[in-house]
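Asks: Please put together the full structure from these sequences, using the hints given.
2 protein chains.
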Amino acid sequence: MNYKTQREAARKGIETPEMKKAAEKEGVELKYLQEGLAAGKIALPANRNHLSLQAAAIGAGLKTKINVNLGISRDCSNMEEEMRKVEKALEMQADAIMDLSCHGKTQEFRKALLAISPAMIGTVPVYDAMGFLEKELSEITVAEFLQVVETHARDGVDFMTIHAGIRRTTLERLRKTPRLTSIVSRGGALLCTWMERNKAENPFYQYFDEVLDICREYDVTLSLGDACRPGSINDASDACQLEELITLGDLTLRAWEKDVQVIIEGPGHMPLNEIEANVLLQKKLCHSAPFYVLGPLVSDIAPGYDHITSAIGGAIAAAAGADFLCYVTPAEHLRLPSLEDMAEGIIAARIAAHAADIAKGLPGASEWDWQMSKARAELDWESMFKLAIDPEKARRYRAESSPELEDSCTMCGQSCALRNMKNL
Amino acid sequence: MNYKTQREAARKGIETPEMKKAAEKEGVELKYLQEGLAAGKIALPANRNHLSLQAAAIGAGLKTKINVNLGISRDCSNMEEEMRKVEKALEMQADAIMDLSCHGKTQEFRKALLAISPAMIGTVPVYDAMGFLEKELSEITVAEFLQVVETHARDGVDFMTIHAGIRRTTLERLRKTPRLTSIVSRGGALLCTWMERNKAENPFYQYFDEVLDICREYDVTLSLGDACRPGSINDASDACQLEELITLGDLTLRAWEKDVQVIIEGPGHMPLNEIEANVLLQKKLCHSAPFYVLGPLVSDIAPGYDHITSAIGGAIAAAAGADFLCYVTPAEHLRLPSLEDMAEGIIAARIAAHAADIAKGLPGASEWDWQMSKARAELDWESMFKLAIDPEKARRYRAESSPELEDSCTMCGQSCALRNMKNL
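Taken in order, these protein sequences are the chains called A and B. Just so we're aligned, residue 1 is where the first sequence starts under the numbering used here, counting upward by one. Just so we're aligned, residue 1 is where the second sequence starts under the numbering used here, counting upward by one.
It should be emphasised that the hints constitute simulated quantities derived from the structure, not laboratory data. Just so it is clear, the structure is predicted and the values come from calculations on it, not from any experiment.
The list treats identical chains as interchangeable, and a pair is accepted whether it falls inside one copy or across any two copies.
DSSO-like cross-link-like pairs, simulated, lysine-lysine; straight-line CA separation at most 30 Å:
1) K88 x K393
2) K284 x K25
3) K422 x K135
4) K422 x K386
5) K41 x K12
6) K374 x K422
Replies: Written out as structure tokens, the structure is:
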């Protein structure tokens with residue numbers, strides 16, 4: 001092959017099998033996808049060692065994608081249970097899965113996941129470092145960090161969160177303009193600790209070229225982590241967050257020079273009225289690279305319901321141009337999600353993504369709604385169930401409350417508006 | 001008393017006990033409230049016969065309010081069960097309850113509700129007409145419709161949905177520019193049927209002055225119903241919807257001439273990107289009268305999850321200026337909500353309202369979030385539970401999954417960012 005990455009292929013005018021697959025899935029012209037990849041507006045995470053992958057692309061003019069987080073950890077070490085989550089997530093149409101494993105047989109789990117997943121797989125190497133190396137964080141060397149990245153890349157991971165934008169200057173910034181919730185990025189906080197203990201620069205920033213070389217070799221898409229994402233609406237859009245975003249923009253250009261694909265991670269907690277401006281800034285400062293947001297959560301006060309606070313923020317962000325939504329479950333801020341939490345989180349994220357695709361005017365997006373509403377107007381319950389985002393729940397809800405009139409529901413009974421208008 | 005309605009009092013410069021109570025609750029100057037009432041930008045639904053009322057206001061510069069629907073019907077006739085919903089709704093801080101009873105001992109239920117509810121109470125007299133009069137819809141006379149309105153007013157109802165904006169011309173409009181989902185307003189469809197069967201104009205439009213006289217007498221706030229609200233995103237912002245909105249604007253001025261207070265009801269199903277324009281149009285065409293929205297639901301495909309589709313739309317609408325959100329439960333489009341559905345619907349609506357209040361910059365709105373995030377930064381779990389919108393769920397979620405480290409949670413364990421930053 002005369003290319004290392006999908007970006008390089010696109011820039012050379014080569015049509016790869018992954019581009020063809022992704023364009024077909026998406027219903028767009030291959031040319032459109034190729035140009036978007038070359039310009040960096042689209043990413044096609046497809047590690048050459050992820051053999052079970054059914055390639056899909058993320059970015060401008062494409063369907064909003066959703067990601068599901070899972071993985072084994074000290075508090076949740078049952079590998080079989082996590083693999084059941086994987087199966088369920090795939091069944092529920094997750095576009096991507098991030099394996100956040102940080103303790104136990106992380107490589108075994110990662111390999112098992114990559115062996116079966118047609119969805120793209122992401123990881124956060126810094127999470128895995130301590131578990132994989134079985135060392136205290138501050139004792140991990142730069143070479144060892146890079147070794148973990150290389151191991152993940154060789155295993156076939158399609159995209160990796162690398163918190164290269166947080167630096168020693170960030171620690172000064174935090175002292176100058178203090179935050180209510182400091183750093184809430186797990187990887188970001190680990191790197192702060194490492195930097196402070198070792199009195200050294202963030203290794204992923206300092207040795208960014210080495211990271212790029214690994215990514216280029218396997219075609220790992222860099223997901224530049226937002227270590228400084230606001231953890232409370234109070235901290236949103238502050239200097240700390242924006243200084244990091246500027247750095248991520250600089251790093252994007254460096255990655256593109258080596259033809260490494262990039263997506264940019266984003267907030268976080270954020271008042272509803274600041275979301276659109278944040279998407280605009282990300283697109284401007286990061287040269288239109290795809291935007292991957294965690295939320296944003298539009299309020300801090302709803303633990304147990306953060307799938308809702310983030311569905312609100314995610315829908316607005318994606319309608320404004322964000323391309324990729326990380327799901328948030330009802331367990332956020334409280335515990336690791338159960339299988340049921342995961343399912344609720346996926347549905348909420350899919351609703352947000354779909355609502356945004358309608359708002360963006362994505363061709364065909366509202367066709368699903370049209371079919372559903374046609375079935376509603378015809379009181380065709382069987383079609384409504386089949387078209388529902390969760391057919392099982394829709395069916396169960398109706399079955400639990402039988403209406404007097406078979407074609408209506410117990411909400412309005414004989415006063416059903418659609419029924420009355422139909423009979424007019 | 002030398003005034004009939006709160007609006008009349010405000011225009012005469014009178015400070016009523018209800019204004020004082022509402023201003024105090026809201027933390028605004030009485031003068032501000034009074035001027036808003038006089039201008040019609042604020043409504044203070046307070047029927048002089050609703051003796052248990054703790055008055056609250058709706059409108060510009062005030063907290064976004066939420067309404068809960070319930071009531072007895074043919075398919076759900078258990079009065080005790082509905083009264084349990086009332087108690088739960090009040091406990092969960094519903095600002096208003098609409099009693100949509102349409103079958104059985106509707107007056108008995110309404111009176112029981114009004115006797116105990118400190119929250120404002122709304123009804124839809126046309127729902128009750130058939131049940132109360134025990135007659136076929138088309139046989140109900142104009143005088144009888146007005147009699148039902150008068151009965152509700154005398155009983156103490158604070159606001160009433162009156163579908164006065166739908167007219168015979170609407171039926172022509174529906175033939176000229178057909179919709180996917182016709183009319184989905186229950187009251188609207190009933191009135192269409194009545195108009196067609198009797199070959200007569202909508203009695204609430206034709207005899208609007210008589211309705212106003214009743215409202216003025218008891219100080220019932222008119223909630224002008226949007227019979228033509230879109231029932232699918234396909235039908236949003238169409239001629240049918242906007243013609244009715246223009247009529248509602250005309251009727252608003254007629255109501256204000258008699259010092260009757262007005263709020264305007266709004267959609268419905270609506271693509272996310274059309275919501276802001278719709279709020280703007282409502283405010284313009286209806287002379288800044290408070291806006292009361294049902295949703296909007298940003299997609300049609302999520303029966304079982306319409307508390308989420310409407311939380312997305314409601315938050316955006318309220319941030320853009322809508323003042324009052326009607327809750328939507330997971331049961332929407334499927335059945336009457338259970339107690340659990342109601343609770344989920346209330347939480348989702350409260351999240352949307354609160355997120356919007358933050359976005360609007362309402363003084364004090366983000367204080368709650370600040371307190372929560374402060375507790376988070378301090379890993380003060382007890383305070384987090386107390387501040388949570390649903391303390392019971394937050395507590396239960398965490399209890400079900402004990403972390404290895406007591407101050408962290410199972411999501412991140414020893415890698416908890418806030419814990420690590422605190423220890424830095």
